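A.B. asks: Using the sequences plus the hints, can you model the full thing?
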Amino acid sequence: MNKEFRVGVVIALAALVLVIAVFTVGDQEGVWKRRYELRVKYTDIYGLQSGSTVRLAGLRVGTVKHVEFSQTEPGNLIVVLKVDRDVQNLIRSDSKAVIGTLGLLGDKTVEISVGSPDQKMLEEGEYIQAAKSASIEAIITEGGEAVENITLAAKNTKEIIEKINNGTGSLGLFVNDPNVYFDLDRLLRLTENLTRQLEEGQGSFARFITDSTFYVEMRNLLTNTNHLFDSLSTGQGTLSKLLYDPAPYQDIKQIVESWKQITNRINSGEGTLGKMLTNDSLYINFTRALDRTDALLKDFRENPGRYLRIRLF
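Under the working numbering, residues 1 to 313 are what the sequence shown spells out, in order.
FYI, nobody ran anything at the bench for these hints, they're computed from the structure.
Hints may contain errors.
As the list claims (entries may be wrong) - Mimicking BS3-like on lysine-lysine, the simulated pairs with C-alpha atoms at most 30 Å apart in a straight line are: (1) Lys132 - Lys65; (2) Lys82 - Lys65; (3) Lys96 - Lys33.
Please read these numbers as outputs of a predicted model, since none were measured by experiment.
C.D. replies: Below is the structure:
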């Protein structure tokens, strides 16, 4: 075997290995697969770059073609995805795309969720919904805010404890003032005494609670009350008739009307009583008669002989 032949065999084998490698890598990268474009709108891509992996339910189905700023909505970023046509039927209008992290090295990926079969299938160039990213950066940011809140809460707790120890405020006085302890102790003693008296049946209140006669009297009172209401409801008795019989109401109404007529006649000066109340001449004559009677009595006291004549036989 000459030298030229051996060189040709080596070159052929190398070419074969190269072709196999190209096809293998191309198949893994989807070079030979038919793909279509989808777009996602984000406000922050957390370091996502062109060539990053696109996965559907954890399975690699494409790559990030490129990232660009939105021309119509400043501040937003448009991520263009190249996705295998084979899975187009699984990506629907309710699917969501979230930026995730792949591995410990922090490589960014776009994770797409499988859509519902009853939703519209996304076509070439359409936008897929963006979901909030649970990236390490976001977690760290939220964790920092949580730590700040915990620190603030610890500081406030420390201030409250210091105020309590110093006897500041109602709670501080309650904890530090010895009078509170004595008041509570006195209250407990009074409670114990009251409980003992109740158990022994001492005092009016204890009898009120423990005496069975009170229970019997209360039952009798309730029974009599029920009978009273039953009699009122059935129309029995004088009180029930006063409540339900219209005749007493009509009688009272008639009396009121009669009294109204009498007072109207009196006010208008009709009848003897009306004239006595409304006619001034009666008052004048009566006053004049009183004056004359008074003058007559006075003259009688001063000159009795004028009115009394005694003759002797």
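A.B. asks: Return the numbers of the hints above that this structure violates; sort them in rising order.
C.D. replies: No hint contradicted; all consistent.
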